[in-house]
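**Student:** Residues per chain are reported as follows:
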Amino acid sequence: MHWIDWAIVITYLVWIVWTGVRLSRQTEKLEGYFLANRSLPWWAVGLSVMATQLSAITLVGTTGQGYTAGLSFVQFYFGLPLAMIILSLTVVPFFHRAKVYTAYEYLERRFDAKTRLVTAILFLLSRGMACGAVIAAPSVILSVIFGWNLTLTILAFGVPTIFYTMKGGVQAVTWADVKQMFVIVGGLLAAVVALIMGLPDDVSVGAALHTAGAVGKMQALDFSFDISNPYTFWSGLIGGLFLSLSYFGCDQSQVQRYLTAKSVDQARHSLLMSAYWKIPLQVLVLMVGVLMFAYFLFAPSPMLFKNTHVAAVQASARAGDYAALEQEFAQVQEQRKTAAHAMAASTAEGTAAAAADQARASFIEADEAVRSVRARARALVVDATPDKSYNDTNYVFPTFVTQHLPVGLVGLIIAAIFAAAMSSVAAELNSLATASVIDIYRRHLNKKADDAHYVVVSRWATLFWGLFACFVATFAANMGSLIEVVNKFGSYFYGSILGVFILALAFKRANGHGAFIGLICGMLAVGYVATNTSTAYLWQNVVGAVVVTVVGLVVSAVTRTDERVGG
Amino acid sequence: MPPEPHPGESDLSRIYAAVLIIEVFVILGLYWLSRHFG
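If you read the protein sequences in the order shown, they are chains A and B.
Number 330 in my numbering belongs to position 330 of the first sequence; there are no gaps in the numbering.
Number 9 in my numbering belongs to position 9 of the second sequence; there are no gaps in the numbering.
Keep in mind the hints are simulated off the structure, nothing from the lab.
Keep in mind it's a predicted model, so treat the numbers as computed, not measured.
Among the clues, some could well be false.
[Claimed, not checked] In the SDA-like style, the derived pairs of lysine to any residue whose C-alpha atoms are separated by at most 20 Å in a straight line are:
id, chain 1, residue 1, chain 2, residue 2
1, A, 262, B, 6
2, A, 262, B, 10
3, A, 337, A, 204
4, A, 179, A, 14
5, A, 29, A, 166
6, A, 29, A, 442
7, A, 262, B, 5
8, A, 99, A, 440
9, A, 167, A, 405
10, A, 99, B, 22
11, A, 99, B, 13
12, A, 262, B, 33
13, A, 99, B, 5
14, A, 388, A, 314
15, A, 262, B, 11
16, A, 99, B, 9
17, A, 262, B, 9
18, A, 99, A, 450
19, A, 167, A, 454
20, A, 337, A, 373
21, A, 262, B, 8
22, A, 179, A, 58
23, A, 29, A, 450
24, A, 262, B, 12
25, A, 508, A, 93
26, A, 99, B, 6
Please put together the full structure from these sequences, using the hints given.
**Tutor:** Below, the structure is given as structure tokens:
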């Protein structure tokens, strides 16, 4: 990387840490440290909510998704605006009026201590592991692309984030998130401009999008009802609704964002900012991927994007096969380039329909040939290396950035990747520390200490979770499938915890026994569905929430009868 | 219909309606993109 890009990344890191430390006020009390004395404006909280959700793997993974599959991934977010309205009407006022620090604290007031303890521990386990995965994913990608030392890359993400989160608590996290959100959006817009300017002079943006659209990249909507496919209109609307309700309503890393708002109205407005902007933002991210596809139609692209695996194959006994495939790839790529030019030219007004159809058919055929060679190259990697699940989707965007963008822009986009990772990790560390101190330490281990003591413990808890996340990241980075395992582990009880909150908020007759047994049954049901059926994980949230609610109501009814008989 | 707002809280029902209307327009926009460029 050029020294100017290094300077941009280092300036970004110093600026964010300085922002976090400088803008933190009155953090000597627990409410100031964890909830900013409930004083933050809605727009800052709203940007923090969005920055927390947009992790680095979302940035590089979703652009890669746009490159390979087009816009269809946007459907994943269709349930989000509706979820934000439901949460604004339900949990936001409940949590604010209850003056709680954590979502799980509310569950003890409504049910009992064991329900609070179990949900808090589930959150700590899953979010602590997921935080490691959030650091591991971009660290692996950047270390592969730049040849950086992996441990140092993990520490470059982790150490500044731990520092400002420890020092300034939730205020540092929120104000850093605000600036990080601008860096992320600035990086994305810069990428869009660079991609458009990188198209050949005779290919307009419209023609490029028509060409990408010919092979399905602009196909955003799929109305089929297929519960094994997470990227359909219905999966996104219904499964995505339950996932968003669970994530924004029951996950402390998000709940804590809007608990810092000045009032119920301000908290509602902060959530509604995501309702307005999340889908357009995701379209922007995916559009970067689609434009990358269009860009690589006219510029040489690597056959595979993960150079460590390419090097491994080239050093293996199958090196000759790989070289032959590369030759074939160069040939079909050149044919596709010619066909893409013809297709782009055919989109001009006045082109005869038959000629346009012919150009389109030729381009589709040429693209199919390129995809066929790539598929064989991937199969060769799987055959010749120990990695049996080779996937280079996450490497497309970083490869484009480092090999095709000018000096300066590379630094800006690497800074945006850092911003996306750090904003998510900071919020997660802060919420992990909050749940550890409020739901475990202060509730069960040391009930009578003063605020100064709890703040000191909170800072140590932040450090502990930060080191834990870096430790998990080191292992997760070397065990690719572990990241998947962590995500699946989380999906086992995301919907189930939502079910507990549905019982708490919507059913006055539900009691602690019902919530607790319902939670266990919900997780078992999701575990069964996940391992024995092909149901997409978005629907597992629906299964978990429904089973917990139904079992919880039945158990509540039975135990209430028992109490009456016994009493 | 959303419940009555508590004292000191605003009635945001128009904003909720705007969110839903905008989402419908965004989905229609995506549909247009799919049809126009697909």
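**Student:** For each hint, tell me whether it holds in the structure or not.
**Tutor:** Results of checking the hints against the structure:
Proposed proximity of residue 262 of chain A and residue 6 of chain B is supported: the alpha carbons are some 16 Å apart, at most 20 Å. In summary, the hint linking residue 262 of chain A to residue 10 of chain B is supported, as the alpha carbons are separated by about 14 Å, within the 20 Å threshold. The suggested pairing of residue 337 of chain A with residue 204 of chain A holds, with an alpha-carbon distance near 15 Å, which does not exceed 20 Å. For the given pair, residue 179 of chain A sits about 12 Å from residue 14 of chain A by alpha-carbon distance, which is consistent with the 20 Å threshold.
A distance of roughly 14 Å separates the Cα atoms of residue 29 of chain A and residue 166 of chain A; the hinted pair therefore holds under the 20 Å criterion. Distance restraint check for residue 29 of chain A and residue 442 of chain A: the Cα-Cα separation of roughly 14 Å lies within the 20 Å cut-off, and the hinted pair is therefore satisfied. Between residue 262 of chain A and residue 5 of chain B the CA atoms are separated by roughly 17 Å; this keeps the pair inside 20 Å, and the hint holds. For the suggested pair residue 99 of chain A and residue 440 of chain A, the alpha carbons sit about 18 Å apart, so the restraint of at most 20 Å is met.
Among the hinted pairs, residue 167 of chain A with residue 405 of chain A is inconsistent with the structure: their alpha-carbon atoms are about 36 Å apart, more than 20 Å. A C-alpha spacing of about 33 Å is found between residue 99 of chain A and residue 22 of chain B, which places the hinted pair above 20 Å, so the restraint is violated. At most 20 Å may separate the alpha-carbon atoms for a hinted pair to count; residue 99 of chain A and residue 13 of chain B exceed this at roughly 24 Å. Between residue 262 of chain A and residue 33 of chain B the alpha-carbon distance is near 40 Å, which puts this suggested pair outside the 20 Å criterion.
For the given pair, residue 99 of chain A sits about 18 Å from residue 5 of chain B by alpha-carbon distance, which is consistent with the 20 Å threshold. Simply put, residue 388 of chain A and residue 314 of chain A have alpha-carbon atoms about 17 Å apart, close enough for the 20 Å limit, and the pair holds. Taken as a hint, the residue 262 of chain A and residue 11 of chain B pair is honoured in the structure, with Cα atoms around 17 Å apart against an allowance of 20 Å. Between residue 99 of chain A and residue 9 of chain B the CA atoms are separated by roughly 16 Å; this keeps the pair inside 20 Å, and the hint holds.
In summary, the hint linking residue 262 of chain A to residue 9 of chain B is supported, as the alpha carbons are separated by about 12 Å, within the 20 Å threshold. The hinted pair formed by residue 99 of chain A and residue 450 of chain A meets the criterion: a straight-line CA distance of about 19 Å does not exceed 20 Å. Using a Cα cut-off of 20 Å, the hinted pair residue 167 of chain A and residue 454 of chain A holds, with the two alpha carbons roughly 14 Å apart. For the given pair, residue 337 of chain A sits about 15 Å from residue 373 of chain A by alpha-carbon distance, which is consistent with the 20 Å threshold.
A threshold of 20 Å between alpha carbons decides the hint, and for residue 262 of chain A with residue 8 of chain B the separation of about 12 Å falls inside it, so the pair holds. With a C-alpha separation of about 18 Å, the suggested pair residue 179 of chain A and residue 58 of chain A falls inside the 20 Å cut-off, and the hint holds. Our distance criterion of 20 Å between C-alpha atoms is met by residue 29 of chain A and residue 450 of chain A, whose separation comes to about 9 Å. Pair hint residue 262 of chain A plus residue 12 of chain B holds up; C-alpha atoms about 16 Å apart against a cutoff of 20 Å.
A C-alpha spacing of about 17 Å is found between residue 508 of chain A and residue 93 of chain A, which places the hinted pair at or below 20 Å, so the restraint holds. Between residue 99 of chain A and residue 6 of chain B the alpha-carbon distance is near 16 Å, which keeps this suggested pair within the 20 Å criterion.
Hint check: violations occur at hints 9, 10, 11 and 12; the rest are consistent with the structure.
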